[in-house]
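Residue numbers (this note's numbering), protein chains in the order written: chain A, 124 to 464; chain B, 124 to 464; chain C, 124 to 464; chain D, 124 to 464.
Treat the hints with care, as some may be off.
Each pair may be met inside one copy or between any two copies, as identical chains are not told apart.
In silico SDA-like pairs for lysine to any residue, Cα to Cα no more than 20 Å straight-line [as the list claims (entries may be wrong)]:
(1) Lys190 - Gly202
(2) Lys242 - Val292
(3) Lys201 - Asp402
(4) Lys129 - Val186
(5) Lys193 - Ser259
(6) Lys129 - Phe199
(7) Lys449 - Gln217
(8) Lys190 - Arg257
(9) Lys190 - Val127
(10) Lys190 - Ser262
(11) Lys449 - Glu460
(12) Lys193 - Val292
(13) Lys429 - Glu296
(14) Lys129 - Pro187
(15) Lys350 - Ile431
(16) Lys200 - Gln426
(17) Lys200 - Gly131
(18) Lys242 - Pro187
(19) Lys242 - Ser230
(20) Lys429 - Ala172
(21) Lys350 - Gly325
Just so you know, these hints were derived from the structure itself, not from any lab. Every value quoted in this text rests on a predicted model; they were computed, and no experiment measured them.
Protein chains: 4
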Amino acid sequence: MMIVMKEGASDDQIQAVVDRVESVGARAHVSRGELVTVIGAIGDREHVANLGIEGFPGVDHMVPILKPYKLASAQFKKGERTVVEIDGRKIGGQHFMMIAGPCTVESREVMLETAHVVKDAGAQLLRGGAYKPRTSPYSFQGLGEAGLRLLQEAKEETGLPVVTELMDVRDLERVLEVADVIQLGARNMQNYTLLTEVGRAGVPVLLKRGLSATIEELLMAAEYVLKEGNEQVLLCERGIRTFEPSYRFTLDLLAVPVLKELSHLPVVIDPSHAAGRRDWVLPMSLAAAAAGADGIIVEIHPQPEKAICDGPQAVRNEEFADYVRKVEQAAALAGKELARV
Amino acid sequence: MMIVMKEGASDDQIQAVVDRVESVGARAHVSRGELVTVIGAIGDREHVANLGIEGFPGVDHMVPILKPYKLASAQFKKGERTVVEIDGRKIGGQHFMMIAGPCTVESREVMLETAHVVKDAGAQLLRGGAYKPRTSPYSFQGLGEAGLRLLQEAKEETGLPVVTELMDVRDLERVLEVADVIQLGARNMQNYTLLTEVGRAGVPVLLKRGLSATIEELLMAAEYVLKEGNEQVLLCERGIRTFEPSYRFTLDLLAVPVLKELSHLPVVIDPSHAAGRRDWVLPMSLAAAAAGADGIIVEIHPQPEKAICDGPQAVRNEEFADYVRKVEQAAALAGKELARV
Amino acid sequence: MMIVMKEGASDDQIQAVVDRVESVGARAHVSRGELVTVIGAIGDREHVANLGIEGFPGVDHMVPILKPYKLASAQFKKGERTVVEIDGRKIGGQHFMMIAGPCTVESREVMLETAHVVKDAGAQLLRGGAYKPRTSPYSFQGLGEAGLRLLQEAKEETGLPVVTELMDVRDLERVLEVADVIQLGARNMQNYTLLTEVGRAGVPVLLKRGLSATIEELLMAAEYVLKEGNEQVLLCERGIRTFEPSYRFTLDLLAVPVLKELSHLPVVIDPSHAAGRRDWVLPMSLAAAAAGADGIIVEIHPQPEKAICDGPQAVRNEEFADYVRKVEQAAALAGKELARV
Amino acid sequence: MMIVMKEGASDDQIQAVVDRVESVGARAHVSRGELVTVIGAIGDREHVANLGIEGFPGVDHMVPILKPYKLASAQFKKGERTVVEIDGRKIGGQHFMMIAGPCTVESREVMLETAHVVKDAGAQLLRGGAYKPRTSPYSFQGLGEAGLRLLQEAKEETGLPVVTELMDVRDLERVLEVADVIQLGARNMQNYTLLTEVGRAGVPVLLKRGLSATIEELLMAAEYVLKEGNEQVLLCERGIRTFEPSYRFTLDLLAVPVLKELSHLPVVIDPSHAAGRRDWVLPMSLAAAAAGADGIIVEIHPQPEKAICDGPQAVRNEEFADYVRKVEQAAALAGKELARV
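Okay, chain A solo, but in the shape it has when bound:
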């Protein structure tokens, strides 16, 4: 931590800061510049982070020097990239993964038909929501347990592993019976109860970035899971909130190279929720793959016009195989391969 003093800070004020730094067992390094004095506090990360010096007289501001996450950092694995394996399917490193399925599990017919489309197109993981976080209490909230049973059936029929969202910690056991990967949605990125419990469960986690979460905060949320000994975290960018009203969210593709520099964890892009429109999903998927994403999670549907939820953004089942082929080419530009099972 660097503590920047105000211009004209007195020697007493500087000494008070030094004393405080040393009081937590850290060392203080004083650099007197022509205009301002800067004090480096060197020592245990947590102690130094909690010095509470901001309000001291003569202190202008504090500058953190170390990243606040450890286990999620690229340094922690010395440059090695984490490859998560889900029932034999790999994501991370040179392995690109395609995840697809309906937004919400809405009927047996749609679920099974779509699962076969996912499998036949060569995608590796099946998605579908049984519990749906909805802005309005009057919107369809998902089929719940009945939805989980349909996911189970689709999994048995196709052999595809399944990713589904967990919203309520009290549903954890039930969801774990079906899910190969647990999704934590954008609204729950900082739901520390869920993060800790899925961390303990030891199951792979697809962690969506919150609408206004910084990249650092996403990594801190991942750190909650990693800290419980669960390293299987997929970071997912799904669009951030900005001033632009032409689409639902601003897809932040710069997050791909940034996250891959800062962390060893795989990065997945969800192009559907940001675009909100089928036409814009393919260009954004190609862009994501070309930018170096490790995977894409996309919504598809046999008849989007009749979908209960988010139909306008669903790629049509009949166009999915072609979509996968194109994304595969874009991923190849970034040196990645879609592993056919």
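Keeping the supplied structure of chain A fixed, place chains B, C and D upon it in accordance with the hints.
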């Protein structure tokens, strides 16, 4: 819902939309303009909201006409304002409420000393966090049950009702034993599990706006609580996330008159977390009260330099009585009175 | 324009709105729904846009139905795409254009060496700033006229057309002597004086989106140029301002398909300023091309460590040919071809 | 400037940075921490700011220590506050100034009637736009020179000094004939040509913060004016662009105490453009004054329903005297006095 067709949309495309609208039992109203055709869909709010017409050929975009919340809307109470009463203390209408206390419950001594300061200055509600949502898993997470016990003791000593945060639905019973008002933090504004359960518990709720939640989304979150039959919701603006790095969050005081026009619920401002600095808390508190807020929740501490959490933003206990007196004057400008108990 | 009345608006209030609409020669279309009444105002676009009805009693809000731009809209050219031709080089439709050069013209040696690199790699347009908009008055403000002369020399040596920025309307003549394309920077996107004058000059314009300009505002800015009879406008996304501090700006690649749906004008991406880091420029360039951009403008330099301005984001001259080859492959995925001259 | 090295940076990499720092005549201060090394670069502000070290191998990031503005900083005047005097009216320090008038100069009648209302209510400065920056080229662009003449007439009739906007540097002479204060609008905050020329003109400047300008960028823009020897700059916050769609802009009142801490210049709030609605202008004006603003600039109109521009946000002339009286009370809470002339 108004459905705006593209320029040059064909009669068949228009008819397809009309058919879809009528298929859910709503009526379709077609207005043909010189350039574009607009179709009004009139009928049950939820049916109309879920038409899924966005992807239809020839459709340009949809414009919702009705607000998506009902119980939280000003219309619902026909202009009457909700007054929430907490152990005899009122907030809403002409009643201004001052809520204060330490950020986190950290020790018996700090808690009790501060509780007396809160009471003596004429504030009506005591705040203090036993469970703390923290960005870092390595930060202090609150005293938990021990913290609840200290809050209970402070309450008994001073007679002040207590507001404290609930993070994990499994702690609800425990928190309810102490809390007169349950706080749902910004990160949990869209934690629908918590919203529903505190709605059912029937206890007053202080609902903080999410960092990037729109005013409409805040009201939709309140609607989750109201829908369970619990009308005692205090809406709390605590700063939104913007591009500006000079302070922690941008305090959105325009939300005060906007919320009061859209909803009958009381509006509380938390100036501490946005400012992040003691010096800026008083001007923002005066501004909030002058803008017509129904209450302020502020952090205070006997020795901010030694606070475990957020010390730099805490008003000093010794300055609190003077702070209350000034805020009271600003509230008076907006026609509100701080009820001395 | 649709005028949405409040719930419970009176007949008199509705009539007052109808009267106002008709007073400007437009027709009013009243739809009475179960809860609210909506009034369509149909007539001349500008008259209707300036009704000033928002403050009328009983009016809830207004919803514009027509896009506020005409000449820039896709409808205006009935789906045909504008191809801009710059000294024989095409951009738009299936033509992809690579624009490159140093951030600022800093020396004869750097300028000429880089111009040859640009040409040899197969890029079509040379960039270089003689007048530089700088946040600080103490930063290097560009070589001015001397810079223009160096650009002229580079152009003569290589035969490459040149794009350079205009900041002061009083420099227009001078800049036009050298520039084949005039760049209007992000800070000047709404400098209506410049927009109008470059519109009149009839020269191709590279119009950068403002840091917080919506897509609609960008198109309105283009409309200022088009309105003067100049159709040669290249729209350039260069990163928008958001809350994320990990990079300089958030590159908004969703703007690519959105702009191409809304407008017939070519879309160029500038990946350098958003990334701010050389390592992130290539992935973002691949993403932009794969998303369907019509061109890329990128900064390169022989020795970025010694660049006067923005060195950290400059691609090295020696890596540029390889960079172009990769971007070409990404553009091919979107059905575009880099025209070798 | 502090240069933070990556974990594991080699001695050679550290030495390369030290060499670069010393090559511009600055001194390098190396602090080796347990995990990372930090190098302080101490010397001439500008040299140090342009080291271009970001891309050096082993460098993680750079942290500026000094503020990039000098003349605008509070330190520059050692805590003394600048009081700007406009024809005998003062703003800054304990002097609060009320500035009012129509959005645009639209007719002789409206202008003169409103000018008298402004004067009679005790406001000190008359506003009115002759040149109007408009998003759409089809909107009313102001009366231009005819508008300036009407402002002149209003000024002569009432004795009120006048503030009006300058958009085109070629209009400077003409505007200076009438204007006592020149307004630079939000879209022109970084129009360096205008900033420099009004700096040279030596006339008081009302500088509006850009929609997405940081507080630091606003102060840098002011620095452009100050650098020309013109210290009479009024900083004006008028709403920033955020994700919230309920109002036009988010009024950033935290900017008031922050600007007053960072700078000696007076701070003015424009509540009209952010609110966009008459009802919300008074609460925001009270809030601004209570927060410690040095002045308010507000739009008023005799018949807002007939205003050419921005009628819905104009306070009615007939309500203005009462408005001023209330704002005066709020300013008094912050220790300021509205100087009656």
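inquiry  = When Cα atoms must be at most 20 Å apart, do Lys242 and Ser230 count as within-copy, between-copy, both, or neither?
reply    = Answer is within: at 18 Å inside a copy they meet the 20 Å cutoff, but 58 Å across does not.
**Study point:** Same-copy or cross-copy closeness of Lys449 to Glu460 [CA-CA at most 20 Å]
**Key:** For Lys449 and Glu460, both the intra-copy (12 Å) and inter-copy (17 Å) Cα distances are at most 20 Å.
Exercise. At 20 Å max between alpha carbons, let me know whether Lys190 reaches Gly202 within a copy, between copies, both or neither.
Key: Intra 16 Å, inter 35 Å, cutoff 20 Å: intra-copy only.
What label fits Lys201 with Asp402 when the C-alpha limit is 20 Å: within, between, both, or neither?
between (40 Å within a copy, 19 Å between copies)
- [ ] With 20 Å as the alpha-carbon cut-off, assign the pair Lys449 and Gln217 to within, between, both or neither.
- [x] So Lys449 and Gln217 pass the 20 Å test inside a copy (17 Å) and across (18 Å) alike.
Margin query: Cα distance capped at 20 Å. Does Lys129 pair with Val186 within a copy, between copies, both, or neither?
Written below: both (13 Å within a copy, 16 Å between copies)
Treating 20 Å as the Cα threshold, decide for Lys190 and Arg257: within, between, both or neither.
Only across copies: Lys190 and Arg257 sit 16 Å apart there, 34 Å inside one copy, limit 20 Å.
Original post:
Within a copy, between copies, both or neither: where do Lys190 and Val127 come within 20 Å Cα-Cα?
Top reply: both (18 Å within a copy, 11 Å between copies)
Can you tell me if Lys200 and Gly131 fall within 20 Å by alpha carbon in one copy, between copies, both or neither? between (44 Å within a copy, 13 Å between copies)
At most 20 Å between CA atoms: does that hold for Lys350 and Gly325 within a copy, between copies, both, or neither? Classified as within: same-chain Cα gap 11 Å, cross-chain 36 Å, threshold 20 Å.
### Message
Reference check for the pair Lys129 and Pro187, CA-CA at most 20 Å: within, between, both, or neither?
### Response
both (17 Å within a copy, 14 Å between copies)
### Message
At most 20 Å between CA atoms: does that hold for Lys200 and Gln426 within a copy, between copies, both, or neither?
### Response
neither (44 Å within a copy, 32 Å between copies)
Checked against the numbered hints above, the structure breaks hints 2, 12, 13, 15, 16 and 18 and satisfies the rest.
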